[in-house]
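Peer 1: Next come the chains, spelled out residue by residue.
Protein chains: 2
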Amino acid sequence: MEQVFLKRINEFYQWMKENQLNATVITSPANVYYFTNFYSNPHERFMGLFLLENEEPILILPALDVHEAKEKIKITKRIYGYADHEGPEMIIQQYVASSHERALGFEENQVSYKKASWLKSILKIKDTFDIEEGINQLRLTKDSLEINYLKEAAEWADKAVEYGIEAIKPGRSELEVIASIEYKLKQQGIEKMSFDTMVLTGLKSAAPHGKPGKETIQKGDLVLFDLGVKLNGYCSDISRTVAVGNISEKQKEIYSVVQQAQELAIKSVKAGVPIKNIDLAAREFIQKAGYGEYFMHRTGHGLGIEVHEYPSIHEKNEILLKKGMVFTIEPGIYLPEVGGVRIEDDIVATEEDAYVLTSFTKDLIILT
Amino acid sequence: MEQVFLKRINEFYQWMKENQLNATVITSPANVYYFTNFYSNPHERFMGLFLLENEEPILILPALDVHEAKEKIKITKRIYGYADHEGPEMIIQQYVASSHERALGFEENQVSYKKASWLKSILKIKDTFDIEEGINQLRLTKDSLEINYLKEAAEWADKAVEYGIEAIKPGRSELEVIASIEYKLKQQGIEKMSFDTMVLTGLKSAAPHGKPGKETIQKGDLVLFDLGVKLNGYCSDISRTVAVGNISEKQKEIYSVVQQAQELAIKSVKAGVPIKNIDLAAREFIQKAGYGEYFMHRTGHGLGIEVHEYPSIHEKNEILLKKGMVFTIEPGIYLPEVGGVRIEDDIVATEEDAYVLTSFTKDLIILT
Numbered sequence: 008m009e010q011v012f013l014k015r016i017n018e019f020y021q022w023m024k025e026n027q028l029n030a031t032v033i034t035s036p037a038n039v040y041y042f043t044n045f046y047s048n049p050h051e052r053f054m055g056l057f058l059l060e061n062e063e064p065i066l067i068l069p070a071l072d073v074h075e076a077k078e079k080i081k082i083t084k085r086i087y088g089y090a091d092h093e094g095p096e097m098i099i100q101q102y103v104a105s106s107h108e109r110a111l112g113f114e115e116n117q118v119s120y121k122k123a124s125w126l127k128s129i130l131k132i133k134d135t136f137d138i139e140e141g142i143n144q145l146r147l148t149k150d151s152l153e154i155n156y157l158k159e160a161a162e163w164a165d166k167a168v169e170y171g172i173e174a175i176k177p178g179r180s181e182l183e184v185i186a187s188i189e190y191k192l193k194q195q196g197i198e199k200m201s202f203d204t205m206v207l208t209g210l211k212s213a214a215p216h217g218k219p220g221k222e223t224i225q226k227g228d229l230v231l232f233d234l235g236v237k238l239n240g241y242c243s244d245i246s247r248t249v250a251v252g253n254i255s256e257k258q259k260e261i262y263s264v265v266q267q268a269q270e271l272a273i274k275s276v277k278a279g280v281p282i283k284n285i286d287l288a289a290r291e292f293i294q295k296a297g298y299g300e301y302f303m304h305r306t307g308h309g310l311g312i313e314v315h316e317y318p319s320i321h322e323k324n325e326i327l328l329k330k331g332m333v334f335t336i337e338p339g340i341y342l343p344e345v346g347g348v349r350i351e352d353d354i355v356a357t358e359e360d361a362y363v364l365t366s367f368t369k370d371l372i373i374l375t
Numbered sequence: 008m009e010q011v012f013l014k015r016i017n018e019f020y021q022w023m024k025e026n027q028l029n030a031t032v033i034t035s036p037a038n039v040y041y042f043t044n045f046y047s048n049p050h051e052r053f054m055g056l057f058l059l060e061n062e063e064p065i066l067i068l069p070a071l072d073v074h075e076a077k078e079k080i081k082i083t084k085r086i087y088g089y090a091d092h093e094g095p096e097m098i099i100q101q102y103v104a105s106s107h108e109r110a111l112g113f114e115e116n117q118v119s120y121k122k123a124s125w126l127k128s129i130l131k132i133k134d135t136f137d138i139e140e141g142i143n144q145l146r147l148t149k150d151s152l153e154i155n156y157l158k159e160a161a162e163w164a165d166k167a168v169e170y171g172i173e174a175i176k177p178g179r180s181e182l183e184v185i186a187s188i189e190y191k192l193k194q195q196g197i198e199k200m201s202f203d204t205m206v207l208t209g210l211k212s213a214a215p216h217g218k219p220g221k222e223t224i225q226k227g228d229l230v231l232f233d234l235g236v237k238l239n240g241y242c243s244d245i246s247r248t249v250a251v252g253n254i255s256e257k258q259k260e261i262y263s264v265v266q267q268a269q270e271l272a273i274k275s276v277k278a279g280v281p282i283k284n285i286d287l288a289a290r291e292f293i294q295k296a297g298y299g300e301y302f303m304h305r306t307g308h309g310l311g312i313e314v315h316e317y318p319s320i321h322e323k324n325e326i327l328l329k330k331g332m333v334f335t336i337e338p339g340i341y342l343p344e345v346g347g348v349r350i351e352d353d354i355v356a357t358e359e360d361a362y363v364l365t366s367f368t369k370d371l372i373i374l375t
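Those protein sequences? They're chains S and F, same order as listed. Each number in my numbering comes from the position in the first sequence (counting from 1) with 7 added on. Each number in my numbering comes from the position in the second sequence (counting from 1) with 7 added on.
To be clear, the hints were calculated from the coordinates, so they are not data collected in a lab. Hints may be right or wrong, so weigh each one.
No distinction is drawn between identical chains; accordingly, a pair holds when it is met within one copy or between any pair of copies.
Taking lysine to aspartate or glutamate pairs in the DMTMM-like style, the calculated list, with each CA pair at most 20 Å apart, reads [to be verified]:
1. Lys-211 <-> Glu-198
2. Lys-221 <-> Glu-159
3. Lys-199 <-> Glu-358
4. Lys-259 <-> Asp-91
5. Lys-131 <-> Glu-300
6. Lys-329 <-> Glu-63
7. Lys-369 <-> Glu-322
8. Lys-81 <-> Asp-91
9. Lys-122 <-> Asp-137
10. Lys-237 <-> Glu-198
11. Lys-221 <-> Glu-198
12. Lys-323 <-> Asp-91
13. Lys-191 <-> Asp-360
14. Lys-176 <-> Glu-140
15. Lys-369 <-> Glu-93
16. Lys-121 <-> Glu-139
17. Lys-283 <-> Glu-162
18. Lys-122 <-> Glu-18
19. Lys-283 <-> Asp-91
20. Lys-121 <-> Asp-134
21. Lys-122 <-> Glu-316
22. Lys-330 <-> Glu-18
23. Lys-79 <-> Glu-25
24. Lys-218 <-> Glu-78
25. Lys-211 <-> Asp-360
26. Lys-199 <-> Glu-222
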């Protein structure tokens, strides 16, 4: 496993070289985890992984976290903690400062203005350089360790949908169904969801910004699940829509259109094709069926340490799919007077096709 | 209710005047909520409440959120949305730009370096000014609307502890107990916890950084709960420790010391006394009992829209308590070989004493 992390960090040193950067600091917990195998959110405290030209990486973090960091991290021995009453300033100056004055690379979108100003001042640096593009490029394709993690998270998402369906009963509220799903997951040791679990019933299933509440499930409803599990730091994200009792022909029709559109989009996946093709495969099918205006979001988003990352699966993305990109495919149709349907799987692009991580059935389930 | 928000924003305009600031932008969702009654986290999208000298506030946000914002916000009619394909730039320049070039105030700790650079560039501004101090000063004392919200959140925290105690059984895991608490809360419509619910049993109760897991409750354990509910945007935070079966004299002793220390700290509360007195009341009692080195954190923290805010209840805080400050009082003793005890209430400072929002019993409960 150590090799995986060494490979990642060496590729980033290479990127630094290509961009003539001799000093960077990585502070976002997700990125630190990606390069080190150590996850910690130090909140208002400082944690930074300093990468300096021709030196081993240096991790500076709160003293409380040093023990765990040393256990988890194999890519460097240079792990230094600071006590709250000292603060990180002296230790940064001791190990990092002075000779690296040219430009400091950091995640300009993640680091606050105040923290950036502070870093510039203690390191006596004038120029800055945004490194997010370099990190995002690396994180864009997943290695086999990551795909294993994502697969495991996806399997729990499948189970979560199963628990949700078991909990459906006319008269039960959306929040009760969510409570039941998360109860069963926690019982089995799953601590974190990727995002707030969504269960929407009836016409609420058609609300793009719907929030689960006390609304109860009724016969004739479509119930939309959108949820995911976070495991080993990696996210899954699945949507399924099921019917309760007899539903109308219209409801069945939109289900069938979304199901076919989603399968077409999955079939379009293969290394080398432009990403927009995936979106268009679903979108054009839905448009031809006459529901184009009711599919008002992109077809999917990248998935990994964060539940939304690159690549974005939208109709204008000309970037070519690469082996190892992981993303969702989740077309939907939302008819205000009828209800909404969304079907979402987690997908890995391979040389030949799509490896689908989620596997809960997509055939229409009608609960009676 | 409108008056409350007008009062808050006018006090902030006053602060701007005193600091000779004629333009600020507030972007953190918590602060926007504090001033407007509208909560939204737009994630990577831009939302900003612009306050310009002698003008009504201007809120610029994603078009999707305009409808809800207009429903909730009474302090201004100047609410403008932008579509994703346009971005917020033009609309900011249209309503905000040009004549406000002196200095822009913003939350330097919240706004990313990239967003700050972007704002400076589109508004053609060179100087910046950190406004967090001004906002924190206002948020430091709570008005009656806030205290009502905090009281309601605290009542649910009391119930959550009750549910947790009901769920305790030898052989049950920490995660199962958490699952049971959150299940019952969600059933009743409570959607959000203030932070990840903590249930630690046995020797884990003594681990300051313990994470709940599959460890099961055994007879003789102390079980430590630390949890809170978020309601109307406001947080509660309670800790209770209970015994399962017969516990040792040592365990009973540390319980009793913490209980007395916590009550002494509460008795020390009253507007006008230095905040450090609260910490010292608990700390000195625990030290005299011989456990000083096992109480290794501050006595408490402010509580409000965020679960950790000002004031910090530590032994060096010389600031004087003011009526309406809300904070936790939560001393603890953590003996590595014995277990840990923490007791925590949510407190409002009044002119005469402490108004305690949480009310679950603090007498030692021994579950048999």
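Peer 1: Each hint should be assessed against the structure and marked as holding or not.
Peer 2: Against the structure, the hints come out as follows:
1. Lys-211 <-> Glu-198: Cα proximity of Lys-211 and Glu-198: across copies only (17 Å, versus 28 Å in one copy).
2. Lys-221 <-> Glu-159: Between copies only: 18 Å across, 31 Å inside.
3. Lys-199 <-> Glu-358: This pair counts as neither: shortest intra-copy Cα distance 32 Å, inter-copy 42 Å.
4. Lys-259 <-> Asp-91: Intra 60 Å, inter 32 Å, cutoff 20 Å: neither.
5. Lys-131 <-> Glu-300: So Lys-131 and Glu-300 fail the 20 Å test inside a copy (54 Å) and across (39 Å) alike.
6. Lys-329 <-> Glu-63: The answer is neither: 30 Å in one copy and 50 Å across copies each exceed 20 Å.
7. Lys-369 <-> Glu-322: Neither: 24 Å inside a copy, 59 Å across copies.
8. Lys-81 <-> Asp-91: neither (26 Å within a copy, 42 Å between copies)
9. Lys-122 <-> Asp-137: both (15 Å within a copy, 12 Å between copies)
10. Lys-237 <-> Glu-198: So Lys-237 and Glu-198 pass the 20 Å test inside a copy (8 Å) and across (19 Å) alike.
11. Lys-221 <-> Glu-198: Between copies only: 10 Å across, 24 Å inside.
12. Lys-323 <-> Asp-91: between (48 Å within a copy, 14 Å between copies)
13. Lys-191 <-> Asp-360: Answer is neither; intra-copy 34 Å and inter-copy 44 Å both fail.
14. Lys-176 <-> Glu-140: neither (47 Å within a copy, 51 Å between copies)
15. Lys-369 <-> Glu-93: neither (56 Å within a copy, 36 Å between copies)
16. Lys-121 <-> Glu-139: both (18 Å within a copy, 11 Å between copies)
17. Lys-283 <-> Glu-162: Intra 27 Å, inter 51 Å, cutoff 20 Å: neither.
18. Lys-122 <-> Glu-18: neither (26 Å within a copy, 28 Å between copies)
19. Lys-283 <-> Asp-91: between (49 Å within a copy, 18 Å between copies)
20. Lys-121 <-> Asp-134: The answer is both: 16 Å in one copy and 14 Å across copies each meet 20 Å.
21. Lys-122 <-> Glu-316: between (24 Å within a copy, 19 Å between copies)
22. Lys-330 <-> Glu-18: within (17 Å within a copy, 56 Å between copies)
23. Lys-79 <-> Glu-25: Neither. Shortest intra-copy (29 Å) and inter-copy (50 Å) distances fail the 20 Å Cα cut-off.
24. Lys-218 <-> Glu-78: Close across copies (17 Å), not inside one copy (41 Å); limit 20 Å.
25. Lys-211 <-> Asp-360: So Lys-211 and Asp-360 fail the 20 Å test inside a copy (35 Å) and across (47 Å) alike.
26. Lys-199 <-> Glu-222: between (25 Å within a copy, 17 Å between copies)
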